[in-house]
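Using the sequences provided together with the hints, build the complete structure.
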Amino acid sequence: MRRTLALVLCLMLSGCASNQLVGRMRRASRDPGQKLLDLPDKVEKHYACKERVLPWFKLERNEINPKRVEPGTQLNHRIEYALCPKSPTAVVTGTLTTRVRFKGQVVLLDEIPDFELKPGRWRVDAFVRLPENAEPGVYALEIHFEQGNVRINQSLTFGVDG
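For the sequence shown, counting from 1, position 107 maps to 128 in our numbering; every step adds exactly one.
Heads up, some of the hints might be wrong.
Straight line, CA to CA, 27 Å or less: simulated DSS-like cross-link-like pairs of lysine-lysine [as the list claims (entries may be wrong)]:
id, residue 1, residue 2
1, Lys71, Lys139
2, Lys88, Lys71
3, Lys66, Lys79
4, Lys63, Lys107
5, Lys63, Lys124
6, Lys56, Lys107
7, Lys79, Lys107
8, Lys79, Lys139
9, Lys107, Lys71
10, Lys88, Lys66
11, Lys139, Lys56
12, Lys63, Lys79
13, Lys107, Lys66
14, Lys139, Lys107
15, Lys56, Lys88
16, Lys63, Lys88
Derived Cβ-Cβ restraints for the label pairs, each shown as a range [said to hold, decoys possible]:
id, residue 1, residue 2, range
17, Lys66, Glu156, 44 to 50 Å
18, Pro53, Ala111, 21 to 27 Å
19, Thr114, Phe148, 21 to 27 Å
20, Phe136, Glu72, 23 to 29 Å
21, Glu84, Leu57, 14 to 20 Å
22, Thr178, Asp62, 35 to 41 Å
23, Gln168, Val127, 21 to 27 Å
24, Leu60, Gly158, 40 to 46 Å
25, Arg51, Glu137, 16 to 22 Å
26, Leu57, Pro157, 37 to 43 Å
27, Pro53, Gln175, 15 to 21 Å
28, Asn174, Lys56, 19 to 25 Å
For the record, the hints were derived by calculation from the structure and aren't laboratory data.
Positions of the beta carbon are idealized from the N, C-alpha and C atoms, including for glycine.
Structure follows, in C-alpha cells:
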C-alpha cells in the first residue's frame, strides 16, 4: 500500500498523472455508504438554522469520479449535504431517484424509497456500474429528491470512452 501511495504521489508531483488517473484513485479509495461529518450543532451555527424555515437543506457537494470511464466500469457519485431539522433528531424521508441518461434516454434508473436525509452534515457515496455495451459519448447522472421544502434536482455529466 505504501509503495502504491508513493508511486501515485510521485506521479502527481511530476505532473505525469492525468485527471482520469486521479479520478480513478479517488473512486478506489471510497466505500459506499453514509458518513456523519458534522453534528447538527455545528451545522446550526454555520447556517444560522434558527433563523430559517425548518427543515432547511443545503446540497454542499455533488461530484462524479472519475469523469471519464470505460463501458462496464464503475463510477463514484458523492454528495455532501447539511440538514437543519425541525427537532434535533428529526429526519426527512422521501424517495431518492438516480437516473443515467444518454442521448436523452434513461439507460439506468435507481430509486431508493424511504431514503433518509439526516440532521447535521453527511457524506453519501454510491457507485454506479455502466453496462458493458455502453456507447461512447456524453452521459448525465441526475439525482432527484423532494419532500416538503427539501428538494434536490441536480445533474452532472461524464464521458464514456470507446
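So, going through the hints one by one against the coordinates:
| no. | hint | in the structure |
| --- | --- | --- |
| 1 | Lys71 / Lys139 | 17 Å, holds |
| 2 | Lys88 / Lys71 | 38 Å, violated |
| 3 | Lys66 / Lys79 | 14 Å, holds |
| 4 | Lys63 / Lys107 | 15 Å, holds |
| 5 | Lys63 / Lys124 | 42 Å, violated |
| 6 | Lys56 / Lys107 | 21 Å, holds |
| 7 | Lys79 / Lys107 | 15 Å, holds |
| 8 | Lys79 / Lys139 | 12 Å, holds |
| 9 | Lys107 / Lys71 | 10 Å, holds |
| 10 | Lys88 / Lys66 | 34 Å, violated |
| 11 | Lys139 / Lys56 | 10 Å, holds |
| 12 | Lys63 / Lys79 | 14 Å, holds |
| 13 | Lys107 / Lys66 | 15 Å, holds |
| 14 | Lys139 / Lys107 | 11 Å, holds |
| 15 | Lys56 / Lys88 | 23 Å, holds |
| 16 | Lys63 / Lys88 | 32 Å, violated |
| 17 | Lys66 / Glu156: 44 to 50 Å | 48 Å, holds |
| 18 | Pro53 / Ala111: 21 to 27 Å | 25 Å, holds |
| 19 | Thr114 / Phe148: 21 to 27 Å | 23 Å, holds |
| 20 | Phe136 / Glu72: 23 to 29 Å | 27 Å, holds |
| 21 | Glu84 / Leu57: 14 to 20 Å | 19 Å, holds |
| 22 | Thr178 / Asp62: 35 to 41 Å | 37 Å, holds |
| 23 | Gln168 / Val127: 21 to 27 Å | 22 Å, holds |
| 24 | Leu60 / Gly158: 40 to 46 Å | 43 Å, holds |
| 25 | Arg51 / Glu137: 16 to 22 Å | 20 Å, holds |
| 26 | Leu57 / Pro157: 37 to 43 Å | 39 Å, holds |
| 27 | Pro53 / Gln175: 15 to 21 Å | 19 Å, holds |
| 28 | Asn174 / Lys56: 19 to 25 Å | 24 Å, holds |
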